[in-house]
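Since the structure of chain A is already known, use the hints to place chain B on it.
So you can see what is in the structure, the chains are spelled out below.
Number of protein chains: 2
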Amino acid sequence: MRPLAAIVGAGCTRFGDRLDAGLKELFVEAWREAVGSVDKGLDPKRVREGFIGSMSSSGHQIANLAGSLMEQVGLRGLPAVKVENACASGSYALRMGLHALAAGADLVLVGGVEKMREVSGWDSRRWLGVGGDTENERFHGLTFPGVFALMARRHMEEFGTKPEHFAAAAVKNHANAAENPKAALRNKITVEDALRAPRVAAPLGLYDCCPAADGAAALLVCRPELAKEFTDTPVYVAGQGAATDTLAFVHRKSVTTLEATVAASREAYRQAGTSAKEVDLAEVHDCFTPSEIVACEDLGFCEKGQGGPYVASGATALDGDVPVNASGGLKAKGHPIGATGVGQLYEVWTQLRGAAGKRQVKGAEIGLTHNMGGFGVACAVTVLRV
Amino acid sequence: MRPLAAIVGAGCTRFGDRLDAGLKELFVEAWREAVGSVDKGLDPKRVREGFIGSMSSSGHQIANLAGSLMEQVGLRGLPAVKVENACASGSYALRMGLHALAAGADLVLVGGVEKMREVSGWDSRRWLGVGGDTENERFHGLTFPGVFALMARRHMEEFGTKPEHFAAAAVKNHANAAENPKAALRNKITVEDALRAPRVAAPLGLYDCCPAADGAAALLVCRPELAKEFTDTPVYVAGQGAATDTLAFVHRKSVTTLEATVAASREAYRQAGTSAKEVDLAEVHDCFTPSEIVACEDLGFCEKGQGGPYVASGATALDGDVPVNASGGLKAKGHPIGATGVGQLYEVWTQLRGAAGKRQVKGAEIGLTHNMGGFGVACAVTVLRV
Chain A
0 MRPLAAIVGA GCTRFGDRLD AGLKELFVEA WREAVGSVDK GLDPKRVREG FIGSMSSSGH
60 QIANLAGSLM EQVGLRGLPA VKVENACASG SYALRMGLHA LAAGADLVLV GGVEKMREVS
120 GWDSRRWLGV GGDTENERFH GLTFPGVFAL MARRHMEEFG TKPEHFAAAA VKNHANAAEN
180 PKAALRNKIT VEDALRAPRV AAPLGLYDCC PAADGAAALL VCRPELAKEF TDTPVYVAGQ
240 GAATDTLAFV HRKSVTTLEA TVAASREAYR QAGTSAKEVD LAEVHDCFTP SEIVACEDLG
300 FCEKGQGGPY VASGATALDG DVPVNASGGL KAKGHPIGAT GVGQLYEVWT QLRGAAGKRQ
360 VKGAEIGLTH NMGGFGVACA VTVLRV
Chain B
0 MRPLAAIVGA GCTRFGDRLD AGLKELFVEA WREAVGSVDK GLDPKRVREG FIGSMSSSGH
60 QIANLAGSLM EQVGLRGLPA VKVENACASG SYALRMGLHA LAAGADLVLV GGVEKMREVS
120 GWDSRRWLGV GGDTENERFH GLTFPGVFAL MARRHMEEFG TKPEHFAAAA VKNHANAAEN
180 PKAALRNKIT VEDALRAPRV AAPLGLYDCC PAADGAAALL VCRPELAKEF TDTPVYVAGQ
240 GAATDTLAFV HRKSVTTLEA TVAASREAYR QAGTSAKEVD LAEVHDCFTP SEIVACEDLG
300 FCEKGQGGPY VASGATALDG DVPVNASGGL KAKGHPIGAT GVGQLYEVWT QLRGAAGKRQ
360 VKGAEIGLTH NMGGFGVACA VTVLRV
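Chains as they are written, first to last, in numbering that gives the first Met the number 0: chain A, 0 to 385; chain B, 0 to 385.
With the rest of the complex left out, here is chain A (with noise of 0.2 angstroms):
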């Protein structure tokens, strides 16, 4: 099948506390590696768009980022506009240069950044809120560890998943982030560790949650027909899905698999003409651990309630059946919202290059990534493919 893009130059900066750069400085670092990878050269000038996602942008009371961040990388006059999905912002970036492209653009720049680490008015506890039902459950106490420490809990009942099954996932994920320089979590952790560790919102404990961060990435996306002027190595867009659910948790059918997810995923692997079984490598959102084990049943890669066993299992490890967050995910390698979804494709980029170092999954030449704002209010799941 006749891919829908080519993605043939990516950069990321660190994710954690980046103190030392504002958005710009942090969006201009990925743009600038985004440039330098491209092998055969870029003129930028062949950029004819830019879709940038942030979320907590206006609470650096900046407006019009998009624009801003097009000058900031030489780019002024560029059409830009910033979209916001909350924690799914950037692959909706994507999302919205794949349209571009289908629209006649040649080339496009799809980027993500975000500061949490400070943000002014505003604490960034506040800014990751956000994505839920502010008027009907969040105002009323149901913040974000709790809605999945709920999903946590439900699955524990219908299932018999265990503590132990959630603090897998987050070893592992903490033992690939330390592989991984652009991490913002390098430390290793052990089951003991994370059933130790304080709670958060019980089952949920410190380790069973991904860290607040700033970063920001960058891809240079191209149709495909082109990818070979700008390099012999083109990862392949193949498929993309996108979907949409109900904002408030209780209006939720069931809290043990993400509609959104699953949708998402039938799409993009339709559109692909594939399947979970013949994906090599998968980043996933795992904002807190049950969400990675839900992602690994919603995806396809195992039963419906088995997530547990099977994380715990070894199979989504570095060198296991469908390796899961070999960038350590969001619960090692940070969750910059904006930024998120882009730096999953970054990563997945990297893998299929070959070029990922002492995380490298051997052999990977079809990518997912799954990302998700809020409790799977939005999700998107891209196909990647050399």
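All the pointers check out, no bait thrown in.
Which copy is meant is left open, so a pair is good if it fits within one copy or across any two.
In silico EDC-like cross-links for lysine to aspartate or glutamate, where the CA-CA straight-line distance does not exceed 20 angstroms:
1) Lys303 / Glu163
2) Lys303 / Asp320
3) Lys303 / Glu156
4) Lys252 / Glu157
5) Lys44 / Glu266
6) Lys23 / Glu134
7) Lys357 / Glu178
8) Lys252 / Glu156
9) Lys252 / Glu302
10) Lys44 / Glu258
11) Lys39 / Glu228
Rather than coming from a laboratory, the hints here were simulated on the basis of the structure.
Here is chain B on its own, set in the frame of chain A:
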């Protein structure tokens, strides 16, 4: 030339103080009018994706706005995204919709919504300011009334424009709004009223400035070849251009020409195979009266520098050469940021279908919208025709 799309339904709330409705209620109101306006009826399942322009929604502590609004209008699950380019968010939402149609969608929902009269956490004045260069200019006192006052002063200095010229734009727009039931300010004013009003930032007085407003608007937009399935009187999107410019006022070569307007209009005319001379009516971004005068120049309705006498001559009145802001414009219809650009498109759609009542521009066949974020940091110009 083949048009890009057809608008087959449109809705718009009353703009202004809407303390009776939140973001969701406003959007549902616009959606219902849009669906009801589809002459041959619309099965909402035909909608394939949603694009929502909004700026301050995170000021209401609501991210994931787009998915939430899909749920509110009965389209739970639909892919949807919020786009933000400050005050140009609405027209960029259309841009994303046009791209999606090119990528294969049959019909999309394009909307905009904003609550400016009650924003939690911050006040609306602060939200209105965030489209400027917060770090380098706004925090030092250069807010938008000041920016546009500097544009006005420089225009007076370079071209001999007079306060009476700015007042003429306000008088015309208030008169037009008096015939628009959806307008926020429906009181007629005189040139003397405008000149005697309290100064906001000299030379601009109260009547030179648009009011903050609540509001929403929605469009149903399909591939042009499908239009006749929905209506015998579609309005076609013949072309759209978009461009950005520097965030900082101080970095501009000129402050009496907005280069993003010039570039965007050039592209829109090219795509539509038309020119300024053929435009029968225009909705332009008159956040302040000098902006309308400069837009008339930058869009090519009159020579550079002649915008003041041109507007004062009556050329832009309802029965003039190119009626400008028949709706009342931002100045008197009101300016609910993310809804503004979509509201402009609603007005031109209404006019081109001959349904504008007492403010109808006779025989209008080609209309234009000009929507910008901040001091022309982002701009989109769209040409519509029957």
